[in-house]
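Student: In order, the protein sequences belong to chains F and S. First residue of the first sequence: 1, per the working numbering; consecutive thereafter. First residue of the second sequence: 1, per the working numbering; consecutive thereafter.
I should point out that these hints are in silico values taken from the structure, not numbers from a laboratory. Here a beta-carbon is modelled for each residue, glycine too, at the ideal position from N, C-alpha and C. There's no promise every hint is true.
What the hints assert, rightly or not - Computed cross-link-like contacts, SDA-like style, restricted to lysine to any residue with a CA-CA straight-line distance of at most 20 angstroms:
| id | chain 1 | residue 1 | chain 2 | residue 2 |
| --- | --- | --- | --- | --- |
| 1 | F | Lys40 | S | Asp196 |
| 2 | F | Lys40 | S | Pro145 |
| 3 | S | Lys152 | S | Gly183 |
| 4 | F | Lys40 | S | Glu135 |
| 5 | F | Lys108 | F | Lys40 |
| 6 | F | Lys40 | S | Ser191 |
| 7 | F | Lys108 | S | Ala131 |
| 8 | F | Lys40 | S | Gly183 |
| 9 | F | Lys40 | S | Lys152 |
| 10 | F | Lys40 | S | Gly15 |
| 11 | F | Lys40 | S | Ser18 |
| 12 | S | Lys231 | S | Ala124 |
| 13 | F | Lys40 | S | Ala57 |
| 14 | F | Lys40 | S | Val22 |
| 15 | F | Lys40 | S | Glu133 |
| 16 | F | Lys40 | S | Asp130 |
| 17 | F | Lys40 | S | Arg148 |
| 18 | F | Lys40 | S | Arg136 |
| 19 | F | Lys40 | S | Trp128 |
| 20 | F | Lys40 | S | Ala124 |
| 21 | F | Lys40 | S | Asp132 |
| 22 | F | Lys40 | S | Glu33 |
| 23 | F | Lys40 | S | Asp56 |
| 24 | F | Lys40 | S | Ile58 |
| 25 | F | Lys40 | S | Lys231 |
| 26 | F | Lys40 | S | Pro134 |
| 27 | F | Lys40 | S | Ala141 |
| 28 | F | Lys40 | F | Arg71 |
| 29 | F | Lys40 | S | Glu184 |
| 30 | F | Lys40 | S | Val54 |
Claimed, not checked - Cβ pair distances, simulated, as ranges:
| id | chain 1 | residue 1 | chain 2 | residue 2 | range |
| --- | --- | --- | --- | --- | --- |
| 31 | S | Ala30 | F | Lys108 | 24 to 30 angstroms |
| 32 | F | Ile135 | S | Gly158 | 45 to 51 angstroms |
| 33 | S | Gly158 | F | Ser53 | 48 to 54 angstroms |
| 34 | S | Asn44 | F | Arg105 | 27 to 33 angstroms |
| 35 | F | Arg71 | S | Arg59 | 26 to 32 angstroms |
| 36 | S | Ala19 | F | Lys144 | 32 to 38 angstroms |
| 37 | F | Lys144 | S | Ala57 | 37 to 43 angstroms |
| 38 | F | Asp133 | S | Ala19 | 19 to 25 angstroms |
| 39 | S | Ala34 | F | Arg105 | 22 to 28 angstroms |
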Amino acid sequence: MALDVESLYRRYGDMVLGRCRTLLRNEADAQEVCQEVFLKVHRYSRRFRGEASPSTYLFRVTTTTCLNHMRGRRRRPEDPVEEPPVVMVEDSALEAHVLRDLVNRLLKTADERTQACLVYHYIDGMTHQEVGDLIGISAAAVRKRIGKFRATMRDAPPDWLTEVS
Amino acid sequence: MTHPSTLTLHRMRYGELSADEVRDIEAHAAGCEACSARLQSQLNSRAAFELAPVPDAIRAANKPARAPWRLAGWLVPALAAAMALIVVNPFDATELPTDTIDTIDTIDTIDVDEETRPKGTGKALQVWLDADEPERLSEGAAVAPGDRVQLKYRARPGWVTFAGVDGRGVVEVYKAVRSDGSGEWRPAPFSLTLDDAPGEQQFLAVFTSERPDRAAVADALKSGKTVNGLKIERVTVVKPR
């Protein structure tokens with residue numbers, strides 16, 4: 001049975017698009033990556049075997065795709081990030097300026113998995129256990145990765161670093 | 001309770017949480033201005049989203065691909081009928097000069113002898129999922145309708161004929177090409193989009209020293225063995241039923 005990607009989009013597109021807007025802070029990029037997420041899910045539909053709910057699976061794929069897009073954008077300085085952000089940070093637990101600061105810092109300092117941990121923990125307000133369940137590592141491993149990231153900013157920690165625990 | 005995560009709020013809206021979980025979140029949101037605002041923001045975004053059209057790329061993804069016109073010349077009527085099951089897409093075969101590419105007609109339905117079917121050795125034929133990050137499909141790998149695959153063959157001296165057998169035993173011959181004999185892996189000059197016929201889908205490469213003969217290739221596909229200088233290799237993937 002083929003995956004009905006249009007139905008999937010109609011049902012979950014608002015979540016995916018909102019997530020893209022939150023992370024990418026650029027409306028054109030958000031629209032583009034949102035479509036990319038659904039086309040990717042369609043292309044690799046056999047990899048979704050129901051071990052997670054559709055929204056959880058899409059949330060994870062969207063996060064990964066956005067982070068990949070952001071890393072690619074950093075490698076192309078001729079294609080600068082649009083500033084100031086043109087979209088509202090609607091469903092994040094963080095204020096817009098905090099989110100921007102966090103995203104900029106994590107892209108500079110963290111590896112890919114740690115970036116995902118930071119996004120889920122600080123931006124989405126997930127506990128260590130929830131993050132671990134989502135990306136398939138232990139809560140302790142999540143805590144360790146976040147701890148390493150925090151340690152890199154020990155000398156001048158931003159205000160938001162202590163806001164979410 | 002602690003503040004629910006963004007994903008948890010989404011899952012609640014989509015009806016994926018238990019009644020107890022929903023009750024806890026609603027009770028929390030009733031006393032938490034921030035979470036109440038986050039939830040309302042999601043609902044507002046949902047309302048705006050429903051007013052926007054579905055992007056064309058999303059709509060198009062649900063439609064099966066069509067055979068390109070430039071293949072029509074070698075698609076005989078019988079193959080055209082079979083192409084309702086599998087669609088061949090063009091591929092830029094830069095390694096192969098066009099004058100070395102030849103084609104043969106489709107072969108009528110053949111009952112493949114299951115007992116003599118060789119296991120996919122992968123020695124001279126590979127099947128790759130054609131995507132941004134291509135992935136080699138192993139023997140018995142699960143595939144889905146709409147997946148696009150690319151065949152690769154070891155360029156032994158002589159000719160190689162590409163064919164497929166679906167779960168109903170229908171044999172399709174896609175194309176025959178003259179190998180450059182380099183021994184390197186080469187992509188077949190086309191890719192395939194899988195249809196929604198369930199079950200096994202075999203991909204075959206028939207190697208011949210001379211220009212392939214239709215009857216000889218048919219025999220090879222029937223027997224699954226080396227016959228009169230023909231060497232057949234196959235990889236089987238599986239579509240869900």
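Student: Could you work out which of the previously given hints the structure breaks and list their numbers from low to high?
Tutor: Per hint list: 5, 7, 8, 9, 10, 11, 14, 20, 22, 25, 29 and 31 violated.
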